[in-house]
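So the protein lines, in turn, are chains A and B.
Once you know that position 131 of the first sequence is 131 in UniProt numbering, the rest is easy, because the numbers rise by one and skip nothing.
Once you know that position 56 of the second sequence is 56 in UniProt numbering, the rest is easy, because the numbers rise by one and skip nothing.
The hints are simulated quantities; they were obtained by calculation from the structure and are not laboratory data.
Quick caveat, the model's predicted, so the values are computed rather than measured.
Yeah, the Cβ is synthetic: ideal placement off N, Cα and C, and Gly gets one too.
Incorrect hints may appear among the rest.
With the Cβ distance kept under 10 angstroms, some of the chain A side facing chain B (calculated, not the full set) [what the hints assert, rightly or not]: (1) Ala32; (2) Gly34; (3) Gln73; (4) Ser82; (5) Gly84; (6) Lys102; (7) Val104.
Quick list of in silico lysine-lysine cross-link-like pairs, DSS-like style, CA-CA up to 25 angstroms [as the list claims (entries may be wrong)]: (8) A:Lys113 to A:Lys10; (9) B:Lys25 to A:Lys51; (10) B:Lys11 to A:Lys102; (11) A:Lys51 to B:Lys127; (12) B:Lys11 to B:Lys29; (13) B:Lys46 to A:Lys131; (14) B:Lys94 to B:Lys29; (15) A:Lys131 to B:Lys66; (16) A:Lys51 to B:Lys115; (17) B:Lys114 to B:Lys25; (18) B:Lys25 to B:Lys66.
Next come the chains, spelled out residue by residue.
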Amino acid sequence: MTTANFDALKVGDEIPSLITEPVSRLTLALYATGSGDHHPLHLDQDYVRSKGIPDVFAHGMLGMAYLGRMLTQWVPQEAIRSFGVRFTAITQVGERLVCTGKVVEKLEQGGEKCVRLELTCANEQGEAKHKADAVVALA
Amino acid sequence: MLIDKKHIGMKVPQHSVHLTAWQLKWFAKATGEKNPIYFDEEAAKKAGLPGVLAPPTFFFCMDMDKEHPFDYLETMGCDLGKMLHGEQSFVYHKPVYSGDTLTFDGEITDIYDKKNGALQFVVKDVKVRRMGELVCDVHSVMVIRG
């Protein structure tokens with residue numbers, strides 16, 4: 001377990017992980033409501049089939065929101081300086097997502113002590129869906 | 001068909017969003033958020049915040065909060081059914097809360113392709129401001145499959 005303290009943290013330390021419920025069609029409908037993203041690729045089976053895709057799939061930003069939740073469970077949100085994601089695979093309905101993160105660098109940025117974190121959102125089989133990083137300022 | 005690079009530098013028409021606690025409540029429900037400062041006005045005020053706190057990725061949602069969020073891709077002739085989200089990042093300057101009104105000024109900053117045009121990438125950078133003050137930089141890369 002890692003406290004969010006600059007001096008105590010070492011490169012390689014992991015932050016507390018987050019495991020989600022399986023992503024359901026209801027999750028996608030709720031995320032469409034909450035995010036305002038009603039793209040039919042995430043909601044409309046008829047539409048996706050017409051595009052040659054077998055089934056609706058999760059919004060990439062849902063996974064990023066889960067990674068964000070992992071961060072804000074660890075530090076207050078005001079400590080997050082930057083947060084970026086590359087979407088590397090599609091999340092299918094039924095998959096449970098596992099968010100993990102570790103310290104990869106201790107740095108000073110804009111006069112503040114910060115850590116750079118490498119974050120991953122993967123399914124339970126370990127297939128990475130999103131690879132992310134974040135810079136967090138710590139006391 | 002490759003997207004014409006003449007669109008690099010294209011400005012996305014400004015839009016503004018009035019952030020409501022109602023919207024944030026739904027986002028919290030959708031993402032399994034349990035911390036009430038993200039969905040309960042009373043709890044946020046007790047925590048000393050001026051309103052419900054918008055979570056880190058919500059700037060993307062607000063940037064999309066317009067009638068045709070991908071109008072810039074349609075202008076370029078892209079099929080939105082072949083679109084995938086490639087990358088997304090944020091640089092944070094100030095937290096924002098329910099009750100805030102924010103403006104979004106976007107620009108297409110790059111267009112490139114890989115695999116002989118099988119994958120095309122459109123990069124958009126957006127400045128988010130509250131009363132003229134920069135609160136967040138939003139960087140998005142959309143991928144169009146050939």
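Against the structure, the hints come out as follows:
1. Ala32: holds, 8 angstroms
2. Gly34: Hint on glycine 34 (chain A): holds, closest Cβ of chain B at ~4 angstroms, below 10 angstroms.
3. Gln73: holds, 8 angstroms
4. Ser82: Hint holds; serine 82 (chain A) Cβ to chain B Cβ min 5 angstroms, cut 10 angstroms.
5. Gly84: The hint holds - glycine 84 (chain A) has a Cβ within 10 angstroms of chain B, the shortest such distance being about 3 angstroms.
6. Lys102: violated, 19 angstroms
7. Val104: violated, 16 angstroms
8. A:Lys113 to A:Lys10: holds, 13 angstroms
9. B:Lys25 to A:Lys51: violated, 33 angstroms
10. B:Lys11 to A:Lys102: violated, 37 angstroms
11. A:Lys51 to B:Lys127: violated, 33 angstroms
12. B:Lys11 to B:Lys29: violated, 34 angstroms
13. B:Lys46 to A:Lys131: violated, 35 angstroms
14. B:Lys94 to B:Lys29: Within the cut-off at roughly 24 angstroms; holds.
15. A:Lys131 to B:Lys66: violated, 28 angstroms
16. A:Lys51 to B:Lys115: Roughly 21 angstroms separates the two Cα atoms, so the pair holds.
17. B:Lys114 to B:Lys25: violated, 40 angstroms
18. B:Lys25 to B:Lys66: holds, 19 angstroms
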